[in-house]
Amino acid sequence: MNLLVNLFRSSLGRKLVMGATGAGLFGFVVIHMIGNLQVFAGAEVLNQYAILLRTSEELLWGFRLALLAMVGLHLYCAITLTLDNRRARPAGYQDKRPLGATIASRTMMVSGVVVAAFIVFHILHFTTRDIFTDYKAWTIELHGREGHDVYRMVVHGFSIPWVSAAYIVGVGLLCAHLSHGVQSFFQSLGLVSTGYQPIIRAAGVAAALIIFLGMAAVPVSILLKWVS
Amino acid sequence: MNVSLRVWRQKGPGTQGCFETHEARDLNPDMSFLEMLDVVNERLAVEGKDPIAFDHDCREGICGMCSCVINGEPHGPEFKVATCQTYMRSFRDGDTITIEPFRSRAFPVLRDLVVNRSSFDRIIQAGGFVSVPTGSAPDGNAIPVSKEIADLAMDAAACIGCGACVAACKNGSAMLFVAAKVSQLNILPQGKPEKDRRVLRMVQAMDAEGFGNCSNTYACEAACPKGISVNFIARMNRDYAVALLKNKPA
Numbered sequence: 001m002n003l004l005v006n007l008f009r010s011s012l013g014r015k016l017v018m019g020a021t022g023a024g025l026f027g028f029v030v031i032h033m034i035g036n037l038q039v040f041a042g043a044e045v046l047n048q049y050a051i052l053l054r055t056s057e058e059l060l061w062g063f064r065l066a067l068l069a070m071v072g073l074h075l076y077c078a079i080t081l082t083l084d085n086r087r088a089r090p091a092g093y094q095d096k097r098p099l100g101a102t103i104a105s106r107t108m109m110v111s112g113v114v115v116a117a118f119i120v121f122h123i124l125h126f127t128t129r130d131i132f133t134d135y136k137a138w139t140i141e142l143h144g145r146e147g148h149d150v151y152r153m154v155v156h157g158f159s160i161p162w163v164s165a166a167y168i169v170g171v172g173l174l175c176a177h178l179s180h181g182v183q184s185f186f187q188s189l190g191l192v193s194t195g196y197q198p199i200i201r202a203a204g205v206a207a208a209l210i211i212f213l214g215m216a217a218v219p220v221s222i223l224l225k226w227v228s
Numbered sequence: 001m002n003v004s005l006r007v008w009r010q011k012g013p014g015t016q017g018c019f020e021t022h023e024a025r026d027l028n029p030d031m032s033f034l035e036m037l038d039v040v041n042e043r044l045a046v047e048g049k050d051p052i053a054f055d056h057d058c059r060e061g062i063c064g065m066c067s068c069v070i071n072g073e074p075h076g077p078e079f080k081v082a083t084c085q086t087y088m089r090s091f092r093d094g095d096t097i098t099i100e101p102f103r104s105r106a107f108p109v110l111r112d113l114v115v116n117r118s119s120f121d122r123i124i125q126a127g128g129f130v131s132v133p134t135g136s137a138p139d140g141n142a143i144p145v146s147k148e149i150a151d152l153a154m155d156a157a158a159c160i161g162c163g164a165c166v167a168a169c170k171n172g173s174a175m176l177f178v179a180a181k182v183s184q185l186n187i188l189p190q191g192k193p194e195k196d197r198r199v200l201r202m203v204q205a206m207d208a209e210g211f212g213n214c215s216n217t218y219a220c221e222a223a224c225p226k227g228i229s230v231n232f233i234a235r236m237n238r239d240y241a242v243a244l245l246k247n248k249p250a
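Protein chains in written order, with this note's numbering: chain A, 1 to 228; chain B, 1 to 250.
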């Protein structure tokens with residue numbers, strides 16, 4: 001009991017939850033990016049992968065619920081910690097300098113909120129197919145199994161410039177969030193020793209940059225008609 | 001040199017304050033910042049006005065008593081330097097200098113630039129000590145401590161408890177101070193028996209005082225006049241996680 005109360009009430013406990021759930025979500029983003037990049041291998045490969053992901057309805061929902069729980073805990077900690085932080089300085093400064101703090105680190109709440117809104121749009125677009133309802137009818141049959149024509153949805157979606165623009169902005173803010181988030185995970189869980197900090201900070205920025213390039217490559221290639 | 005001061009004036013705790021402008025004339029650039037305030041205060045006293053209240057004690061950068069946010073930076077513009085060791089040569093002739101008190105719910109303003117930092121004392125009371133049995137003095141070197149560990153503990157113990165970390169943090173978090181005070185004892189064998197209890201209790205006391213939370217922006221490290229490393233925060237986070245897992249009462 002003590003453990004749970006401290007984990008969800010104390011400042012450091014909530015930072016542990018924030019870091020651990022953030023790491024889980026980071027893992028999902030990496031897998032998602034690798035999945036996306038299969039668009040460059042052609043329609044059959046991508047659609048085959050999409051069918052593979054939906055092999056077991058039970059596993060799929062287990063995975064979705066785990067993700068949802070991580071998002072929920074991450075949001076709970078973010079909101080309660082931010083409210084605490086607001087209360088901690090009732091009167092502000094006339095003159096305020098960031099003192100070495102990066103823009104990404106000072107705007108985690110803004111980037112987080114925009115990314116959350118983007119994820120809702122993204123799910124409505126590709127998962128529930130409610131933005132363009134035509135998608136619901138776009139099915140294919142591959143090696144005797146039926147599935148959604150993900151390749152066609154992706155190419156259609158990203159040929160629309162505003163959808164691609166929203167995606168690139170969303171992914172850009174996600175990566176700004178990660179550029180601070182990755183090193184924050186190591187810091188908040190205490191997995192840093194003297195001397196390693198500069199390496200971890202640089203690795204966080206590098207990981208964010210790679211993910212941005214990997215994610216943005218898809219809409220950019222479709223807009224430029226490299227993939228069609 | 002001459003400078004213009006925009007300084008926060010407040011009669012007492014909970015009263016409405018405001019900025020006042022004061023001119024500081026004919027200053028020697030090698031005066032310390034606090035000596036400059038002394039000069040301004042002498043003139044204010046002659047004119048029958050209230051002098052500007054500010055905290056100071058040793059004026060050697062080791063007691064942690066001086067404070068002030070100078071042009072948006074706790075302890076002024078110089079890196080790893082306290083307000084008392086900041087000299088007027090760090091400013092230019094004709095500058096306007098904004099001087100504000102440390103701002104935090106846990107550091108209420110007492111008067112002008114003086115804030116009450118006894119919340120730090122209560123955090124120390126919660127666990128920033130070692131319990132030793134009474135009796136005859138132990139033999140010197142009876143407890144072996146390696147040079148690396150002694151140095152690391154000393155790096156943490158360099159914290160003078162001034163509160164600049166809280167003042168600099170966008171969240172008003174006291175994490176760097178608490179981390180230094182937890183670590184200076186948790187690192188050493190003398191502090192080991194109470195390691196878990198110490199971190200749990202000091203964090204609990206920190207939270208109860210109304211400090212904010214760490215979002216790892218590291219402004220605290222940049223503002224710290226003693227250059228305390230944020231690695232100690234990571235170390236405290238680790239100690240806290242381990243203590244939580246052991247799940248013993250605090």
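Read the hints as simulated data drawn from the structure, not as lab findings. Heads up, some of the hints might be wrong.
Quick list of in silico lysine-lysine cross-link-like pairs, DSSO-like style, CA-CA up to 30 angstroms [unchecked claim]: (1) 147/B to 192/B; (2) 248/B to 195/B; (3) 195/B to 96/A; (4) 96/A to 11/B; (5) 11/B to 49/B; (6) 170/B to 226/B; (7) 80/B to 49/B; (8) 248/B to 96/A; (9) 11/B to 248/B; (10) 96/A to 147/B; (11) 170/B to 248/B; (12) 147/B to 49/B.
Reference excerpt, derived from the structure (chain B facing chain A, CB under 8 angstroms, subset only) [stated by the list, open to error]: (13) 2; (14) 5; (15) 25; (16) 28; (17) 32; (18) 171; (19) 201; (20) 204; (21) 207; (22) 223; (23) 226; (24) 234; (25) 241.
Source: prediction; values computed, not measured. Every residue, glycine too, gets a C-beta built ideally from N, C-alpha and C.
TODO: Any hints from earlier that this structure breaks? Give me their numbers in increasing order, please.
DONE: 3, 7, 8, 9, 10, 11, 12, 13, 14, 15, 16, 17, 19, 23
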